[in-house]
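2 protein chains.
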Amino acid sequence: MTREKAPRRPRAETPKGFRDYFGAEVTERKAMLDAIAEVYHLHGFEALETSAVETVEALGKFLPDVDRPNEGVFAWQEDEKDWLALRYDLTAPLARVAAQYRNDLASPYRRYAMGPVWRNEKPGPGRFRQFYQCDADTVGAPSVAADAEICAMLANALERVGIPRGDYVVKVNNRKVLNGVMEVAGVLDPSDPSKFENERGIVLRAIDKIDRLGDAGVRLLLGEGRKDDSGDFTKGAGLSAEQAEVVMGFVSAKRATGAATVARLRELVGNSVLGAEGVNELETIATLLDAQGFGADRIELDPGVVRGLGYYTGPVFEAELTFEILDEKGNKRQFGSVSGGGRYDDLVKRFTGQAVPATGVSIGVDRLLAALRAKGRMGAEAAGPVVVTVMDRDRMSDYFAMAADLRNAGIRAEVYLGNPKQFGNQLKYADKRQSPIAVIQGSDEAARGVVVLKDLILGAKIAENATLEEWKDRPAQREVARGDLVDTVRQMLAEG
Amino acid sequence: MTREKAPRRPRAETPKGFRDYFGAEVTERKAMLDAIAEVYHLHGFEALETSAVETVEALGKFLPDVDRPNEGVFAWQEDEKDWLALRYDLTAPLARVAAQYRNDLASPYRRYAMGPVWRNEKPGPGRFRQFYQCDADTVGAPSVAADAEICAMLANALERVGIPRGDYVVKVNNRKVLNGVMEVAGVLDPSDPSKFENERGIVLRAIDKIDRLGDAGVRLLLGEGRKDDSGDFTKGAGLSAEQAEVVMGFVSAKRATGAATVARLRELVGNSVLGAEGVNELETIATLLDAQGFGADRIELDPGVVRGLGYYTGPVFEAELTFEILDEKGNKRQFGSVSGGGRYDDLVKRFTGQAVPATGVSIGVDRLLAALRAKGRMGAEAAGPVVVTVMDRDRMSDYFAMAADLRNAGIRAEVYLGNPKQFGNQLKYADKRQSPIAVIQGSDEAARGVVVLKDLILGAKIAENATLEEWKDRPAQREVARGDLVDTVRQMLAEG
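Order-wise, the sequence lines are chains A and B.
If you read the first sequence in numbering that gives the first Met the number 0, its first letter stands for residue 0, the second for the next number, and so on.
If you read the second sequence in numbering that gives the first Met the number 0, its first letter stands for residue 0, the second for the next number, and so on.
FYI, nobody ran anything at the bench for these hints, they're computed from the structure.
A couple of the hints might just be wrong.
[To be verified] Dumping the calculated BS3-like pairs for lysine-lysine here, alpha-carbon to alpha-carbon at most 30 angstroms:
(1) A/K121 to B/K431
(2) A/K427 to B/K348
(3) A/K431 to B/K234
(4) B/K374 to A/K80
(5) A/K374 to B/K29
(6) B/K15 to A/K348
(7) B/K427 to A/K15
(8) A/K348 to B/K80
(9) B/K348 to B/K80
(10) B/K431 to A/K15
(11) B/K427 to A/K80
(12) A/K29 to B/K374
(13) B/K253 to A/K348
(14) B/K348 to A/K420
(15) A/K80 to B/K29
Please build the complete structure, drawing on both the sequences and the hints.
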């Protein structure tokens with residue numbers, strides 16, 4: 000083990016794959032999460048904040064058979080004892096909580112949670128090792144009414160944060176229907192579900208990629224396999240053309256109305272008991288949502304949506320934004336998925352041995368924020384503070400009093416606290432702070448009981464896009480009585 | 000290394016020293032932090048959210064000379080590379096950010112930050128390994144006007160969250176004055192500050208304990224040392240009685256007015272240049288605060304406050320709540336400190352080699368929350384949702400529509416989603432949810448177009464403290480037309 004002998008300065012660097020958020024990046028995300036929390040709360044969901052740290056044992060599924068179980072998670076060992084790890088999502092901690100507090104919590108337990116999660120993955124462009132999730136789940140409700148509620152709440156939440164109706168759609172499907180179709184295709188044997196498990200996993204992941212690979216690509220993966228552009232070969236599920244045809248029939252089973260889609264699915268699942276159960280569940284969900292006024296313009300049945308995660312056991316859903324944006328290459332494309340979820344009935348069972356039905360949804364916070372910025376709902380100029388400049392450092396009290404007066408009127412304000420010697424630096428500072436107004440009072444102005452207000456919005460607008468001509472009637476600065484400071488600033492801000 | 004052969008169920012346990020927060024515990028803390036953030040923002044401070052993970056190198060001071068640098072922090076090694084760790088406070092990440100982004104950030108940089116921090120300490124009663132901090136700091140402002148601003152903002156923040164004026168006091172002192180007094184006492188040699196460094200550390204920690212140990216206990220620690228109740232001996236600073244007298248004179252130098260305290264301190268620091276500088280700084284701070292109307296009822300000079308942390312270099316401050324609470328033994332005692340801070344001019348220098356002046360404050364989120372609960376400002380009955388019960392599971396759509404109607408009127412509402420067979424379970428559930436009202440509609444009521452509203456607030460009040468007599472005019476349940484559901488519920492909630 001090498002050690003550095005001479006002390007050197009530490010590097011000032013965010014660890015690789017992590018990010019720092021500044022100013023509006025923090026407050027805009029917070030505003031969005033607050034709005035979503037409000038919707039969840041209104042629906043009877045309770046806040047839950049678990050510790051960021053879990054035992055690796057409780058987290059479970061990332062535990063490979065190695066001494067150091069840090070694949071996928073950030074983990075460390077307590078002195079010769081338990082391995083601890085940072086949570087990788089908000090569902091695993093919920094399962095732990097639902098088991099641990101099962102005698103105290105109301106059942107069904109509706110909870111929402113928002114906060115950072117951590118993934119020990121290779122950092123890459125757009126791939127981060129800490130990011131926010133925002134989840135709502137119902138634990139202990141066997142009926143698909145709980146799934147319908149989650150779908151409706153998701154639509155409400157999207158509208159509440161500023162995605163207009165028509166710009167999103169919540170798509171609903173059911174894993175049981177897919178399994179029924181698999182039964183018909185001969186890759187699921189109800190008397191021995193362990194048979195063809197691997198093949199079904201491949202089918203699931205293939206369907207989940209249809210947006211990217213298209214029909215033909217998915218068919219390759221259902222059959223022998225597919226070579227991608229880089230030449231890498233992905234082994235397929237080995238289905239015959241007839242079997243693949245059955246599966247592809249399911250993927251494209253969406254019809255113009257929910258009722259028509261249900262009818263088509265009923266044909267496809269044939270005599271499969273599980274499949275019929277899934278179709279009935281979808282029908283119930285559609286009926287419940289219709290009754291609440293959630294028509295196909297907001298929530299629709301779409302057999303093309305399967306979600307990649309293995310643990311879903313019934314209804315699955317996904318919220319997609321339908322408006323177009325320009326991708327990195329300048330091509331128009333739909334914004335796509337910002338949220339997904341479904342029913343997972345086995346996660347709590349890991350702890351207690353008893354099956355506990357659960358369903359929930361997770362909103363991709365960063366993607367939804369990006370969508371709101373694309374819609375112009377966020378990312379507006381951040382309002383900087385009014386900056387009270389310092390002309391005479393013996394009169395700091397006066398400058399502080401001006402800032403206090405402004406704040407008492409609810410106006411964001413601060414006194415310049417750098418070295419006041421170079422006045423130019425103070426104005427540069429005010430610019431960098433996106434300050435709308437600089438307040439100036441030298442000894443001459445003080446003697447006359449006035450202050451000068453410099454309009455920095457004007458300067459910024461001219462620099463940005465307007466000509467001076469357009470603004471010529473607006474004074475670049477005005478002198479007002481000290482007693483009129485607050486009123487004049489308020490008026491200037493209203494004009495700005 | 001032992002391994003368990005047979006798979007067993009994982010334990011559903013919060014890791015030792017960590018906590019889960021439920022419902023109002025989450026939302027009340029959030030409301031408090033939101034209010035504080037509003038005050039910070041109004042003062043021109045910008046939000047900053049750094050990653051929870053830092054390199055151990057950047058965190059610095061917890062790095063002992065051992066292979067595994069996890070003393071005090073939770074740390075792990077990236078594959079043969081950097082050690083990473085969870086942040087232990089919000090100041091170390093700020094120093095890293097101030098160095099890393101020094102060319103982009105406005106200077107001075109005012110920032111606030113709130114979020115969890117982690118300490119790898121032995122868990123114990125009331126000692127947790129993850130807790131919230133809420134900080135505001137100004138980096139790059141050499142003038143003590145920045146310290147005065149922080150003190151004033153701290154007072155504003157306390158009042159904003161609900162601590163009335165008179166129930167708190169912000170105490171201000173200056174390390175330079177203490178060092179001046181040390182110079183007079185002969186334990187600081189300005190020509191060689193490294194001399195007596197250990198002794199001065201002991202003096203600092205001794206003074207910091209005066210509330211607990213009293214004058215006599217502190218004098219023992221200034222001299223040879225002190226044996227505590229358990230028999231453990233703490234070595235003292237080894238000061239003579241005369242030297243200790245000088246130090247104790249400083250601790251008790253507080254006078255009735257700030258001006259009188261300043262005058263007393265000027266006597267005590269004698270010819271010490273550093274001491275005189277400290278007294279002048281205190282005077283400037285007092286003058287600035289007076290001018291803004293922060294009198295001694297809110298902010299006062301108190302030489303008894305030194306703060307334990309080694310890195311402070313100038314002004315230090317502490318917010319104390321002055322009202323009394325009952326401690327665990329039923330004795331009255333003052334609530335005490337909820338916040339502290341001070342000037343630290345050397346933290347950024349670690350990275351850049353250039354001194355960057357900085358000052359800031361940290362609010363103890365859990366203690367302030369406890370104070371607000373003690374003052375009855377929080378912890379009121381959490382408002383549970385109106386629960387729409389399920390009498391007839393074929394009419395879930397009707398029940399969902401009722402809940403949706405209530406929510407559209409802004410009333411928190413949910414449909415019971417457990418097994419509806421036992422109606423008693425539904426009412427027990429509503430009770431556990433602290434629901435104010437249960438909505439009931441069986442087939443009979445449905446046929447007549449009415450709903451029954453059961454008043455659960457009434458039941459709770461009777462169970463809690465009132466006699467039935469007091470409530471006899473209030474009906475336990477009422478039947479209203481389905482069309483009057485929302486209006487009646489709203490009216491009942493207003494009465495409740």
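How the hints compare with the structure:
no., hint, in the structure
1, A/K121 to B/K431, "violated, 45 angstroms"
2, A/K427 to B/K348, "holds, 25 angstroms"
3, A/K431 to B/K234, "violated, 52 angstroms"
4, B/K374 to A/K80, "violated, 42 angstroms"
5, A/K374 to B/K29, "holds, 28 angstroms"
6, B/K15 to A/K348, "holds, 23 angstroms"
7, B/K427 to A/K15, "violated, 51 angstroms"
8, A/K348 to B/K80, "violated, 38 angstroms"
9, B/K348 to B/K80, "holds, 25 angstroms"
10, B/K431 to A/K15, "violated, 46 angstroms"
11, B/K427 to A/K80, "violated, 41 angstroms"
12, A/K29 to B/K374, "holds, 28 angstroms"
13, B/K253 to A/K348, "violated, 63 angstroms"
14, B/K348 to A/K420, "holds, 24 angstroms"
15, A/K80 to B/K29, "violated, 34 angstroms"
The structure is inconsistent with the numbered hints 1, 3, 4, 7, 8, 10, 11, 13 and 15, although it conforms to all the rest.
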